[in-house]
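Colleague: Given the coordinates of chain A, work out where chain D should sit on it, guided by the hints.
Here is what each chain is made of, one letter per residue.
2 protein chains.
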Amino acid sequence: MENKKVNFSEWYNEIIDVSGLSDKRYPVKGMNVWMPYGLKAMQFIDNLTRKYVDSMDFQEVSFPVLITRGQLMVEFEHVKGFENELFWITKGGSEKLEEDMAMRPTSEAAMYPMFSLWVRSHADLPLKIYQIVNVYRYETKHTRSFIRIREIHFFEAHTAHATYDDAEKQMEEYLVIWKKLTEMLCLPYMINQRPDWDKFPGAKYTLAFDTVMPSGRALQIGTIHQYGTNFSKNYNITYALDDGSHEFVSQTTFGMSERLLAAIISIHGDDTGLIFPPDIAPIQIIIVPIPSKKVDVNAYSTEIMDRIRKLDFRVKMDDRDAYTPGFKYNDWEMRGVPLRIEVGAREVEKSQVTVSVRTEKEKKTMKMDEFLENIGKIMSSIKDTLAERAAETMKNMTVTAEKLDDIRGMERIARLFWCGREECSRKIEEQTEMACLGINQDSNKKGKCIVCGKDGSTGIFARTY
Amino acid sequence: MENKKVNFSEWYNEIIDVSGLSDKRYPVKGMNVWMPYGLKAMQFIDNLTRKYVDSMDFQEVSFPVLITRGQLMVEFEHVKGFENELFWITKGGSEKLEEDMAMRPTSEAAMYPMFSLWVRSHADLPLKIYQIVNVYRYETKHTRSFIRIREIHFFEAHTAHATYDDAEKQMEEYLVIWKKLTEMLCLPYMINQRPDWDKFPGAKYTLAFDTVMPSGRALQIGTIHQYGTNFSKNYNITYALDDGSHEFVSQTTFGMSERLLAAIISIHGDDTGLIFPPDIAPIQIIIVPIPSKKVDVNAYSTEIMDRIRKLDFRVKMDDRDAYTPGFKYNDWEMRGVPLRIEVGAREVEKSQVTVSVRTEKEKKTMKMDEFLENIGKIMSSIKDTLAERAAETMKNMTVTAEKLDDIRGMERIARLFWCGREECSRKIEEQTEMACLGINQDSNKKGKCIVCGKDGSTGIFARTY
Numbered sequence: 001m002e003n004k005k006v007n008f009s010e011w012y013n014e015i016i017d018v019s020g021l022s023d024k025r026y027p028v029k030g031m032n033v034w035m036p037y038g039l040k041a042m043q044f045i046d047n048l049t050r051k052y053v054d055s056m057d058f059q060e061v062s063f064p065v066l067i068t069r070g071q072l073m074v075e076f077e078h079v080k081g082f083e084n085e086l087f088w089i090t091k092g093g094s095e096k097l098e099e100d101m102a103m104r105p106t107s108e109a110a111m112y113p114m115f116s117l118w119v120r121s122h123a124d125l126p127l128k129i130y131q132i133v134n135v136y137r138y139e140t141k142h143t144r145s146f147i148r149i150r151e152i153h154f155f156e157a158h159t160a161h162a163t164y165d166d167a168e169k170q171m172e173e174y175l176v177i178w179k180k181l182t183e184m185l186c187l188p189y190m191i192n193q194r195p196d197w198d199k200f201p202g203a204k205y206t207l208a209f210d211t212v213m214p215s216g217r218a219l220q221i222g223t224i225h226q227y228g229t230n231f232s233k234n235y236n237i238t239y240a241l242d243d244g245s246h247e248f249v250s251q252t253t254f255g256m257s258e259r260l261l262a263a264i265i266s267i268h269g270d271d272t273g274l275i276f277p278p279d280i281a282p283i284q285i286i287i288v289p290i291p292s293k294k295v296d297v298n299a300y301s302t303e304i305m306d307r308i309r310k311l312d313f314r315v316k317m318d319d320r321d322a323y324t325p326g327f328k329y330n331d332w333e334m335r336g337v338p339l340r341i342e343v344g345a346r347e348v349e350k351s352q353v354t355v356s357v358r359t360e361k362e363k364k365t366m367k368m369d370e371f372l373e374n375i376g377k378i379m380s381s382i383k384d385t386l387a388e389r390a391a392e393t394m395k396n397m398t399v400t401a402e403k404l405d406d407i408r409g410m411e412r413i414a415r416l417f418w419c420g421r422e423e424c425s426r427k428i429e430e431q432t433e434m435a436c437l438g439i440n441q442d443s444n445k446k447g448k449c450i451v452c453g454k455d456g457s458t459g460i461f462a463r464t465y
Numbered sequence: 001m002e003n004k005k006v007n008f009s010e011w012y013n014e015i016i017d018v019s020g021l022s023d024k025r026y027p028v029k030g031m032n033v034w035m036p037y038g039l040k041a042m043q044f045i046d047n048l049t050r051k052y053v054d055s056m057d058f059q060e061v062s063f064p065v066l067i068t069r070g071q072l073m074v075e076f077e078h079v080k081g082f083e084n085e086l087f088w089i090t091k092g093g094s095e096k097l098e099e100d101m102a103m104r105p106t107s108e109a110a111m112y113p114m115f116s117l118w119v120r121s122h123a124d125l126p127l128k129i130y131q132i133v134n135v136y137r138y139e140t141k142h143t144r145s146f147i148r149i150r151e152i153h154f155f156e157a158h159t160a161h162a163t164y165d166d167a168e169k170q171m172e173e174y175l176v177i178w179k180k181l182t183e184m185l186c187l188p189y190m191i192n193q194r195p196d197w198d199k200f201p202g203a204k205y206t207l208a209f210d211t212v213m214p215s216g217r218a219l220q221i222g223t224i225h226q227y228g229t230n231f232s233k234n235y236n237i238t239y240a241l242d243d244g245s246h247e248f249v250s251q252t253t254f255g256m257s258e259r260l261l262a263a264i265i266s267i268h269g270d271d272t273g274l275i276f277p278p279d280i281a282p283i284q285i286i287i288v289p290i291p292s293k294k295v296d297v298n299a300y301s302t303e304i305m306d307r308i309r310k311l312d313f314r315v316k317m318d319d320r321d322a323y324t325p326g327f328k329y330n331d332w333e334m335r336g337v338p339l340r341i342e343v344g345a346r347e348v349e350k351s352q353v354t355v356s357v358r359t360e361k362e363k364k365t366m367k368m369d370e371f372l373e374n375i376g377k378i379m380s381s382i383k384d385t386l387a388e389r390a391a392e393t394m395k396n397m398t399v400t401a402e403k404l405d406d407i408r409g410m411e412r413i414a415r416l417f418w419c420g421r422e423e424c425s426r427k428i429e430e431q432t433e434m435a436c437l438g439i440n441q442d443s444n445k446k447g448k449c450i451v452c453g454k455d456g457s458t459g460i461f462a463r464t465y
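Sequence lines, in order, name chains A and D.
Residues in the first sequence are numbered from 1 upward in steps of one, following the working numbering.
Residues in the second sequence are numbered from 1 upward in steps of one, following the working numbering.
Next up, chain A with everything else stripped away, as it sits in the complex (with noise of 0.2 Å):
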């Protein structure tokens, strides 16, 4: 396997063809097929955050795939941000449509027409719902599996609110379930409003999660959005008040995808191979038998599996008789299980289970029933492990820079002090390639600007994906 550090994207590749996540040689650029752990993985992150977006009261619902070119052309500014990445349908059979259907980049102009039907009062507010579809950009750049691709595995909330007050506290709750969704990830993030020449058309603001990869390159990997009254005057979203008069809706929306994967994928694997957070492995714990003549390890073997199922784990015992004891630990490391046990006659004898961790170099030898009662434990410690080493990766992938000749040439994350004005960001852009992703919202740090010495907060510039 190829060195993660030295080759991060050469590495990259490889584990994503090796470990059976995707395949790339589909014959339609930037489009992949999902193969069955890649999409295994995908739908435990799937579930997760419908979990949690459930819980705050979202409903789950799903739209049509395509918009027309009417739908799209209400909304001028937004249109002009996606009009050159959208893939165009003009026949249906061997007719030419009367009018264009784009497939969907983003679902505001397919989702708000309906909204516009169905928000009447009060009553109907706030309205809560998302959909996890695929979405669609002629990506003319380089692509990249699960980073920049043409069919996009995506994640998208929308919301209607009876203020601008209501539509903030929203803006609040998404920061709530990308935490607690994150968690379970063990990814760490920026928080970072991005510049008003770079946030999503239409938006009031923009606030994206970054993350930082092996390469030193940030990675969006979520984003919110307040979009005010913006979309909802455009496409006449209305609520009738006592006196009769009608008040426009404030909307917001949360995006997120399958860079999600990338980003776990990258920032906890190693050179041996992928290391899934527990609560989204497709396996979690691999069982394998190292074969004997003198006890039945499949029998125990086979006993600890239903046991394991029976506290609701994802188990697999690997009885293949084709491969070494010593080929398939490697098989599963490389696929990134969490966890493996061994069973061999001496285990079977004494009731044990040698212990395998995938976070860690010994392997530890205990009772059954001892290993039974802790999995839940060694799942917790397994996500501590990965939630600080990728915090410290982070952390040594960030550069405090006082002077733009700190930062030149580097792939790092440069914090440093900004003014916010757009001339200054052009001016840090050129000189160091970095990109500005905007102003820090975990910082309350005040300084003079790097470029023109005015007042000016933490502002962050990286190479992006």
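If you are wondering where the hints come from, they were derived from the structure by calculation, not from laboratory data.
Where hints are given, some of them may not hold.
One copy or any two copies: either way a pair holds, since identical chains are not told apart in the list.
Okay, derived cross-link-like pairs now, SDA-like style, lysine to any residue, Cα gap no bigger than 25 Å in a straight line [stated by the list, open to error]: (1) 96 <-> 69; (2) 29 <-> 135; (3) 40 <-> 344; (4) 310 <-> 375; (5) 96 <-> 143; (6) 233 <-> 2; (7) 40 <-> 132.
Modeller: Chain D alone, transformed into the frame defined by chain A:
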């Protein structure tokens, strides 16, 4: 509400609308919005499907939605079947694409180029995969929610086997999966082998699962196809034999769609509204507290809800202030919740619940503990009732015809002896306005063809959706 027997078509449209399953006001013809309640029901159907196919060692994948013209052209016979029903993407951004791409109408042409990469030797067989995705048909006929639409929620399983015999065994396995699934959905069906001129393009033979709608018209709700080597020869899917030569794989597929939901709505519903089979009911039990000044009915209701939830049933308490208990009864009956619990002062005082079963007229009052112990049984009896009623209706809707006059102008399922020749089928179709569904596989009876008098088997003819 419309009368189901008299105005089935209007009843069907109304119930979908008022119960919140789907919104068809979306601006693209034949593309509807899955509303939360409808999507949940469909997801429960999907999850039952996953459970049964997973237990048969199928693996879930997700293929891209776009298929190049080149991929489609490989299977000429296949393209011929679909070419006038495809949505074509001809533009990316403002550029004309070098090669047109179609949105998948089904995924043979998407999957089989990959199969030819994946299958190398005996060790790769059988290959058993499935996906649950939307497929697209440029439907020019009149559209109808869940029945005839342009964006179809679809299940498709695809397999590859070393021999034709293995593929035939797969066809039998599909029958087992189908039987399990339809038992949970309480749906009756016939198995009919479609005539050669109406089989899936490229199939050696097609077995269809047909059910009967209240209108007396047949609805195809699933199909399984034996492809033999028809596709593997075109897409070059081979495995190596020991002597170095290559053999083409034999293939099968199994397809189902949201028509399952259409059948559930239509067959089980009544003039009061939907009736969901318990296993796919988004809400299985609704608790309606009847306000009382003497005792705290809400606290008691909450206790019941918590205890039901622990038993893993999907339960909800309707504590909306603005509505009367009577309104709530009607509302949840309309939405098809199988079981309702009413809790008033008397119930609280005596530790009782009053239970109303959606398929029965009488209410029953029983001790809370007795109810909790018996929920499973009550749900089973609901399933039995639904299955019996549906089977009875299907029987009543079936006519055995000895001469064409018996069925002329009828909207019924006609069973009659037929020699299997297209010529005779055409005559039957012309005189009865019914379509040929093929040879019924549930019957071994032989008799003389109703048209030509030659030896025949039981043919099924009906108007269809």
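Colleague: Against this structure, judge whether each hint is valid.
Modeller: These are the hints, each one checked on the structure:
For the homomeric pair residue 96 and residue 69, the shortest alpha-carbon distances inside one copy (14 Å) and between copies (17 Å) are both at most 25 Å. When the C-alpha separation of residue 29 and residue 135 is checked against a cutoff of 25 Å, the pair qualifies both within a copy, at 15 Å, and between copies, at 20 Å. Taking the closest pair of Cα atoms, residue 40 and residue 344 never come within 25 Å of each other, the shortest separation being 30 Å inside a single copy and 46 Å across copies. Taking the closest pair of Cα atoms, residue 310 and residue 375 come within 25 Å of each other both inside a single copy (12 Å) and across two copies (23 Å).
For a Cα distance limit of 25 Å, the shortest separation of residue 96 from residue 143 across copies, 20 Å, qualifies, whereas the shortest one inside one copy, 31 Å, does not. Taking CA atoms no more than 25 Å apart as the test, residue 233 paired with residue 2 passes in neither setting, with 52 Å inside one copy and 38 Å between copies. In the homo-oligomer, the alpha carbons of residue 40 and residue 132 lie at most 25 Å apart both inside one protomer (15 Å) and across protomers (13 Å), since each shortest distance falls under that limit.
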